[in-house]
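All chains, please: the whole structure from these sequences, using the hints.
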Amino acid sequence: MGVDSLYTEGGRIVRQLAGPYPLGIPGTRIRINNSPVDLFRFTVPPERGTEVARSVIHAAKLHMPGRGSIFAQEILQVGNGLEEAERSLSIRKEVSDPLWQTPMLQQLTHVICILSGPGKADRLAQVALELGIGIPLITRGRGTGIRDRLGLLRIAIPADKEIVHLVMPEHDFKSVFRLLMEEVGLNHPGRGYVYRTPVAYGMLDTRMRIGKQKYAATMDQIIAAIDQLKSGTDWRKRILCGLPREQERRLTLSDEHCQLSIYSLERRRDEYVQAAMEAGASGATTTRVTQTGWQRDEHESAVRSLSTLGVPSGMAVPIFLALLDVADAHGDTHDRFQLMDSPVCCAKGPSPTVVPSPKRSVD
Amino acid sequence: MKVHPAIPLRSVISTLAGYARIRIVEQAKLVAFIVVYLVAFQVLVLRVPLSNALSIGGGILMAIMGLALFLEGLLLALMPLGEKVGLKLPVRTSIVMICAFSLLLGFGSTLAEPAISALRVAGATVTAWDAPLLFLLLERHTDGLVLSIGAGVGIAVLFGMIRFYYGITIRPFVMIIIPSLLAASVYMSMDANLSTILGLAWDAGAVTTGAVTVPLVLALGIGVSRAAPRGKGSRGGFGVIMLASAFPVLGVLVFGYSVRNQVPEPVSEAVFFSKAHRAQSKKLFTTEEALLRHAFTRGSEIGRRACFADDAGYRGKLKKYAENPEAFQGMLGDMTISTWLARQASESERMVITQTAPRLAEPLPDSQLSQMLLREGQLALRAVLPLSALLLIVLMVFLRDRPKYLDETLLGLAFTLVGMTLLTSGIHMGLAQLGTEVGAKLPIAFKTDDQFVDYVRIEKFDPQVVSEAIDADGDTHSFFYLKQGDGYLRVDYLPENFNLNQGTYQHFITRPPMFGPNLTILGIGLVLLFAFGMGFGSTLAEPALNALGITVEEMTVGTITRGQILVVVSIGVGLGLLVGVGRIMYDIPLVWLMVPPYLAAMVFTVLCDEDFVAIAWDCGGVTTGPVTVPLVLAMGLSVGRELNAPDGFGILALASVFPILSLLVYGYQKQRQQMASLEGVAEP
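Top line first, the protein sequences correspond to chains X and D.
Count the first sequence with my numbering and you get residues 1 to 363, in order.
Count the second sequence with my numbering and you get residues 364 to 1047, in order.
You may find that some hints are simply not true.
Unchecked claim - Cβ-to-Cβ under 7 Å is the rule here; a few derived chain D residues that face chain X:
#1 382
#2 385
#3 589
#4 590
#5 592
#6 922
Stated by the list, open to error - Just so you have them, the derived chain X footprint on chain D, three or more residues with Cβ under 8 Å:
#7 370-379
#8 450-456
#9 764-774
Note that these hints are calculated values from the structure, not bench results.
Each residue gets a CB set at the ideal place from its N, CA and C atoms; glycine is no exception.
Right, dumping it as structure tokens:
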């Protein structure tokens, strides 16, 4: 399609695997199944987002449950060569294909849970699957922040983070969030934090269970079909039962944060993060992504660092400027900076004024 | 930068306590299996009481602490350092520099972590007449052997880095190197002399990649792979360990081939020690004394007799030794007289020596804790310091960079050093001792005749104490009672053990076979079961494998967990040991056992996913480390000695190939499951 840069991150998705018990014991045994997946990120101009998304759905057959998900988010992006990137985009439309007309799901939200230490994500993923929220995608990263200010004591605090990505209906978010907090104990300090970013539209994989299938259609297939028929997920709004209204009211969500992402060469990562922290950011989570696409510098490695920072809205601009200063010092760089509105919802948390969004990213 | 937050002391202590607890408990769990297994085997199956329980317990505690510290040190200092150097090398230097550095690192790591001591232990029963070439390499050309192994590792690291730099897949390397090695082995197995070094060569490949080298090379590879323009990106980094296990095999084979003309052909023991053959035999020994020592410490009575012109000369020499035990001990060298009596001496020789020789005080084993710590500490220093110094110098001088946190790196290095010292000392004091104890007693499980244990010489024996008994057929049997401590032991009286002139009686204490004279199948089964369990348990605790497992889990984002790697690899090592011990027991040529699993592994190499292939082949080289090697060798040698196996080689090599195969099979299985679950996806 001529997308300028495609950033790939390795991860795994967790599904339930239904199968028989060993030794012929009757019943269905539900286990957790991990499959390796790739998470692709790229940006396209907002007005062309839908057609790009449709053509990806068409090419990767994403309308079939189990093949993967796609969603788009509005972002503000700064970097070299972006105008050129816009011109290079060419999409072959196959409008005759009925798939091209499939409506996309609206009112979704991307929930990101950053958990301390490896192994913690599995519990959260299991809860998410049991609640039928969606298919959790788990990636890994390293945290920087408080840990680096502790001196040698930092060795006692794991820098490895597990990041759980969940895309779910927006209206479900509050209730699900509450349940997740309780189940995984995120309301205790040091366990991690949760935030969400708004999703413009998308098409989600609903195949939460694989393996033995009893009926003509699985629950996931039925849900996917109704989602498509109703062009949305409103119909499956969860009704909160058992949660005292008192607690519900205490759940505060701050709209005062935004998410800042830096795609940079690995060796410049520390420099950027350092600059951001000096300008007021509290910490960053870095993951490793591989860059492909025609904008990649052939003399450099394909590996890039993606540093994600949650910053209070008021600080977004100074931090952004500090990052641009560092980039300027390196001259012609292909490093990129993205800013996304990100209402935070948890104990520890970061956020900005609503930023105009000339770009749209499709994850 | 924000100010260092003031942290209350109590929080600091509780944070550190939690940090230490997690790591120690983790290692304790991994070591628990092998400890419980060995103790249970000894006490419940072999029914031998546990001696030295206190020192063994202390050793095990030390090993656990050592493992925790060592692994943490690797993760804090050596691995980040290796990765950082790997990340900077392709950016700041050229491929030529990377090659030079890799060669140096590979070669240096072999000198720093000498595997040669383990190889010499495995070759402790090698005899100069059965395997002259092997003997020459192990005893005379030790330096040449070390250099050829080092060159192999150096070339391997070099090829590995070139592979990462240019993003070449592992498959062609596997498909070219392994068949070449197998073909060379098959060719050499047809020559009587060359075939003897095959076990040494393959074992050398297995042991060279030590606990410090593996994580270091792994991290370096990951760095280069990420930073090189054509590297494989975030999933590369595996595959060097496999090369570092294969090239030393080649090195040893080539070296052995080049010196093959310096040795005589294998001959029988009697011929080897005969005067007529002396000129040939002297090619392997510097002095007559060394030759005689070899006859005594590794040969049988036939060989020793052959050393002398006639029988009288031999008897006279033996008598002289019996009267002068110090001289005898001096001639035996490292072997004690009682060990010689138990292992090498024939019945008649035993009679001569025990009749007159006053008991020599056994030299106490060097078990002083402080001395051992000092010795192991020096070895650890040698293994860790030069390599980390090389990395630090390259990073700071040539690449003009520094570790992100120098304090963390230094602390990590200290952890690695202390950890390695505690680990190896603990292994010697605890696990290896336990393993040796069980291993030494293991042969009674399949032995068919009585085993000599010790002897008692009764001075002033009065034949009056001998009583007679009669059996149902009317045959009479003589016996007497021997007072031992508070109890009385009934002893069968054998007239040939009574020396009328001196008035002494020699009572030989023997242990009857465990399952009676004929029931050896059960005994063999028991030994094989033991071998499997020991391989499984000791591999679980192997620190380099742990480090590899952590890396794999990180690189695959938890799709393959450390636990899965540990279990699958440990099962592979268990199987490898089972086959290895089987080989010793039935004297099967090593080639027959090496070729089929390697061929199978190559088939799976084609079928499996590229990333997984590299991981699987790496695991083969990682499995034999500081925990496994002493335990495995102890067992292999005691079984081999009992069966008069020519050497204890091959076990480690088999313990390397089977984990590769087990992991590849596991990966293939997982891959198929994955495909099957995707195939279940239907059009809605």
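Open item on the list: Under the constraints set out in the numbered hints, which ones does this structure not fulfil?
Closed with: As far as the earlier hints go, only 2 is violated by this structure.
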